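S.K.: Below are the chains, spelled out letter by letter.
Number of protein chains: 2
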Amino acid sequence: MSVKAKNAKKDQDAELYSLGAAFNGSEIVPILEARIPIIDMGFLHSDVCYDVVSVWHGSFFRLKEHMDRFEKSYQGLGFSMPYTKQQMRQILLDMVARSRLRDAYVYMCATRGLPNLDDPRNFEKYQQMFYAFAVEFIWLIDPEEQKIGTDVIVSSVPRIPKESVDPTIKNHHWGDLTRADLEAHKKGARTAFLLDLEGNLTEGPGFNIFVIKDGKLLTPDSNVLLGITRLTVFELAKEMKIEARACKVPLATLRAADEIFMCTTAGGIMPIKSLDDVPISGGKPGPITMRLHKAFWKAHDDPKYLTPVDYK
Amino acid sequence: MSVKAKNAKKDQDAELYSLGAAFNGSEIVPILEARIPIIDMGFLHSDVCYDVVSVWHGSFFRLKEHMDRFEKSYQGLGFSMPYTKQQMRQILLDMVARSRLRDAYVYMCATRGLPNLDDPRNFEKYQQMFYAFAVEFIWLIDPEEQKIGTDVIVSSVPRIPKESVDPTIKNHHWGDLTRADLEAHKKGARTAFLLDLEGNLTEGPGFNIFVIKDGKLLTPDSNVLLGITRLTVFELAKEMKIEARACKVPLATLRAADEIFMCTTAGGIMPIKSLDDVPISGGKPGPITMRLHKAFWKAHDDPKYLTPVDYK
Numbered sequence: 010m011s012v013k014a015k016n017a018k019k020d021q022d023a024e025l026y027s028l029g030a031a032f033n034g035s036e037i038v039p040i041l042e043a044r045i046p047i048i049d050m051g052f053l054h055s056d057v058c059y060d061v062v063s064v065w066h067g068s069f070f071r072l073k074e075h076m077d078r079f080e081k082s083y084q085g086l087g088f089s090m091p092y093t094k095q096q097m098r099q100i101l102l103d104m105v106a107r108s109r110l111r112d113a114y115v116y117m118c119a120t121r122g123l124p125n126l127d128d129p130r131n132f133e134k135y136q137q138m139f140y141a142f143a144v145e146f147i148w149l150i151d152p153e154e155q156k157i158g159t160d161v162i163v164s165s166v167p168r169i170p171k172e173s174v175d176p177t178i179k180n181h182h183w184g185d186l187t188r189a190d191l192e193a194h195k196k197g198a199r200t201a202f203l204l205d206l207e208g209n210l211t212e213g214p215g216f217n218i219f220v221i222k223d224g225k226l227l228t229p230d231s232n233v234l235l236g237i238t239r240l241t242v243f244e245l246a247k248e249m250k251i252e253a254r255a256c257k258v259p260l261a262t263l264r265a266a267d268e269i270f271m272c273t274t275a276g277g278i279m280p281i282k283s284l285d286d287v288p289i290s291g292g293k294p295g296p297i298t299m300r301l302h303k304a305f306w307k308a309h310d311d312p313k314y315l316t317p318v319d320y321k
Numbered sequence: 010m011s012v013k014a015k016n017a018k019k020d021q022d023a024e025l026y027s028l029g030a031a032f033n034g035s036e037i038v039p040i041l042e043a044r045i046p047i048i049d050m051g052f053l054h055s056d057v058c059y060d061v062v063s064v065w066h067g068s069f070f071r072l073k074e075h076m077d078r079f080e081k082s083y084q085g086l087g088f089s090m091p092y093t094k095q096q097m098r099q100i101l102l103d104m105v106a107r108s109r110l111r112d113a114y115v116y117m118c119a120t121r122g123l124p125n126l127d128d129p130r131n132f133e134k135y136q137q138m139f140y141a142f143a144v145e146f147i148w149l150i151d152p153e154e155q156k157i158g159t160d161v162i163v164s165s166v167p168r169i170p171k172e173s174v175d176p177t178i179k180n181h182h183w184g185d186l187t188r189a190d191l192e193a194h195k196k197g198a199r200t201a202f203l204l205d206l207e208g209n210l211t212e213g214p215g216f217n218i219f220v221i222k223d224g225k226l227l228t229p230d231s232n233v234l235l236g237i238t239r240l241t242v243f244e245l246a247k248e249m250k251i252e253a254r255a256c257k258v259p260l261a262t263l264r265a266a267d268e269i270f271m272c273t274t275a276g277g278i279m280p281i282k283s284l285d286d287v288p289i290s291g292g293k294p295g296p297i298t299m300r301l302h303k304a305f306w307k308a309h310d311d312p313k314y315l316t317p318v319d320y321k
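Chains as they are written, first to last, in the numbering used here: chain F, 10 to 321; chain P, 10 to 321.
The following block holds chain F by itself, in its conformation from the complex (with noise of 0.2 Å):
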């Protein structure tokens, strides 16, 4: 190909992918072109397990830990994938690279498959799938109000128990977090918290809570998905000595805090400003929560979690 051609053939691209690239199960494609079969059990019985990972300034942060958890997603349901691992995280890269994406949210996820038409009901002999796609990268929260703290509520909607559904199989099962998120905007807050059947906390719409309490972090140890930026978190805190556990948080607890932050790939650790209505840390983000805030950004220069993307 010419220069000239190459050229316009970058652009082109450029232009298709602006809003994103996709892997449909055999090609990458443009976001908006990216259809699943809609028989495909994934979808008709939500059998299926995800990962998010983001990338910032041109590198996956903490892939090797995404890809080590989506295999164990996939694993735990019984799935025998159509990629190895290894091809897989190659076909992200190249997903990334075609999007031309800096920053971007990247999704992948593996889905029970379609089924024979001949014995539709014999699901274990489903022909398992492997989709992705990567946006820009999004923010659960924007910087904007990250700085000034978000506003939050304890909803009334029980998360599903673990014994029905595992939260650590990071799952579509999403409905009871739908509903709490509604829940929230119908109240004025932004999202919501759920509890436990028993009253104790475990996690929200897309992301895990920490407890600050006389300098100590506590975060659920139960009904949760053990999150990339949680384990950060723990990282982060180990270096800072700061004493962080894992632990049973009762509402009680919660309500006490001295301060409180979510966290999440998409959106990183932001800090929580009131919770039903009342202020938690004055009212703004509380010291222990900015300072862990800064360092995870900071994290995001450390070449140890990251994997550049070869853009060409």
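Be careful, since some hints might not be right.
A pair counts as met if it fits within one copy or between any two copies, since identical chains are not told apart.
[As the list claims (entries may be wrong)] Result set (BS3-like, lysine-lysine): computed pairs, CA atoms no more than 27 Å apart in a straight line: (1) K250 - K225; (2) K307 - K171; (3) K134 - K196; (4) K134 - K179; (5) K222 - K303; (6) K257 - K171; (7) K196 - K81; (8) K222 - K247; (9) K13 - K171; (10) K134 - K195; (11) K19 - K225; (12) K195 - K81; (13) K19 - K156; (14) K303 - K73; (15) K195 - K250; (16) K94 - K179.
Just so you know, the hints here were simulated from the structure itself, not pulled from any lab data.
Since this is a predicted model, take the numbers as computed values, not measurements.
Once you have looked at the hints, place chain P on chain F.
M.R.: Chain P in isolation, oriented as in the chain F frame:
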């Protein structure tokens, strides 16, 4: 079009649609071509409700009741559908006509739909979608097996509680149901019954459950889908002067049953012959179950329940 051209078109269509037809949100297509956008929240967050209605010998069975329940479901999720109920009903009729299937399993769903990629978190403004498909009638239990009865287990996986996800809004949150089914298959049984967290009977993967004791029918009144086949059982029992009641059904009541059957659109009224390897009604279909089974299939000739498909 000439007669010859018309016939050629018909033959081509028959080939394309031999495995079924689907409505992909905008048009009717062969089932294997039916795809949905990967970014539809019906997939990503299982933010979707659905319904399944049967076509038997060229007529929909209780289409009105299924459309009414479907309407309640999507209204319950706060969806604003892109088609009226009447239009969706017509799409189903046209889709089945195109498939030429005389006995069909007809699925329809409403999803939260497509985000605005410029504001992906604002899911209250998503564009809702309607999809559907028709494939050959699916027997949850084969007719031959229905003559001898089916082996089931009581699963160790509790049903997702109604406080987290409302089971009367028929949904794709099948994680618990799939785990229960896999547990049953591992133990050599066909399928599983799920209990709630208090140990009362709920439902199974895709079906309601009836217990017969001392000539009376009992079925759970909570944590279950309000099935249309379940409704038909109540109506048939009334005609046959058999007492039938929806109430709490503790595990002990289930184990002490004279007869047990499960029921669903995809298979009708299906007798159970063993529960956790213990024979039920002498290890064969019970007499009241079989009277209801016969009456159920006889009802498929009753014009009051039927909506004929115009195959042209």
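S.K.: A separate judgement is required for each hint: does it hold in the structure or not?
M.R.: Hints and how they fare:
With identical chains, the CA atoms of K250 and K225 are at most 27 Å apart within one copy only, with a shortest distance of 10 Å there and 67 Å across copies. Within a single copy, K307 and K171 get their C-alpha atoms no closer than 34 Å, and across copies no closer than 43 Å, so neither meets the 27 Å cut-off. Taking the shortest Cα distances, K134 and K196 sit within 27 Å of each other only across copies (17 Å), while inside one copy they are farther apart (46 Å). When the C-alpha separation of K134 and K179 is checked against a cutoff of 27 Å, the pair qualifies both within a copy, at 22 Å, and between copies, at 25 Å.
Taking the shortest alpha-carbon separations for K222 and K303, only the intra-copy value of 20 Å comes in at or below 27 Å, while the best inter-copy value is 66 Å. Proximity of K257 and K171 under a CA criterion of 27 Å is satisfied in both settings, with 14 Å inside one chain copy and 24 Å between copies. In the homo-oligomer, the alpha carbons of K196 and K81 lie at most 27 Å apart only across protomers (24 Å), although the nearest pairing inside one protomer, at 37 Å, exceeds that limit. In this assembly of identical chains, K222 and K247 lie within 27 Å of each other by CA distance solely inside one copy; the values are 16 Å within and 62 Å between copies.
In this assembly of identical chains, K13 and K171 lie within 27 Å of each other by CA distance neither inside one copy nor across copies; the values are 57 Å within and 61 Å between. Taking the closest pair of Cα atoms, K134 and K195 come within 27 Å of each other only across two copies (14 Å); inside a single copy the shortest separation is 44 Å, beyond that limit. Neither within a single protomer nor between protomers do K19 and K225 lie at most 27 Å apart by alpha-carbon distance, with minima of 51 Å and 72 Å respectively. Proximity of K195 and K81 under a CA criterion of 27 Å is satisfied inter-copy only: 21 Å between copies versus 37 Å inside one chain copy.
Taking the shortest alpha-carbon separations for K19 and K156, neither the intra-copy value of 38 Å nor the inter-copy value of 64 Å comes in at or below 27 Å. For a Cα distance limit of 27 Å, the shortest separation of K303 from K73 inside one copy, 23 Å, qualifies, whereas the shortest one across copies, 58 Å, does not. In this assembly of identical chains, the alpha carbons of K195 and K250 never lie at most 27 Å apart, being 40 Å within a copy and 48 Å across copies at closest. Proximity of K94 and K179 under a CA criterion of 27 Å is satisfied intra-copy only: 17 Å inside one chain copy versus 35 Å between copies.
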